[in-house]
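Visitor: Sequence:
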Amino acid sequence: MSVYEWARQEMRKNLEQAQEQGFEPGLSLRALLSAVVQQSKSVRSIEDLADELQFLAENLDDQQDYGFMRP
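Just so you know, the sequence shown maps onto residues 1 to 71 in my numbering.
Calculated from the structure, these hints are not laboratory results.
Treat the hints with care, as some may be off.
[Claimed, not checked] Pairwise CB distance ranges, derived in the manner of DEER restraints:
| no. | residue 1 | residue 2 | range |
| --- | --- | --- | --- |
| 1 | 12 | 62 | 15 to 21 Å |
| 2 | 62 | 30 | 18 to 24 Å |
| 3 | 17 | 47 | 30 to 36 Å |
| 4 | 22 | 43 | 31 to 37 Å |
All of these numbers come straight from a predicted model, not from anything done at the bench.
Glycine residues also receive a C-beta, built at the ideal position from the N, C-alpha and C atoms.
Using the sequences and the hints, build the whole thing.
Guide: Following this line, the structure appears as structure tokens:
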């Protein structure tokens with residue numbers, strides 16, 4: 001199992017637990033994202049973290065073609 005598969009599995013578990021507590025998925029995801037960013041600041045530079053978040057934000061559209069991708 002890769003670390004990314006592990007993270008997706010843990011996210012699913014956390015969302016199930018949040019739903020059992022009565023939290024909406026959107027709010028739960030926002031809270032988890034905020035917690036991950038806060039924790040990441042303790043092991044990464046702010047610039048590095050900001051660059052990764054910017055990259056992720058710019059690549060949210062799964063339908064978008066990007067110039068660096070090969071057909």
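Visitor: Determine for every hint whether it applies to the structure shown.
Guide: Taking the hints in turn, this is what the structure says about them:
no. : hint                : result
1   : 12 / 62: 15 to 21 Å : holds (19 Å)
2   : 62 / 30: 18 to 24 Å : holds (20 Å)
3   : 17 / 47: 30 to 36 Å : holds (33 Å)
4   : 22 / 43: 31 to 37 Å : holds (32 Å)
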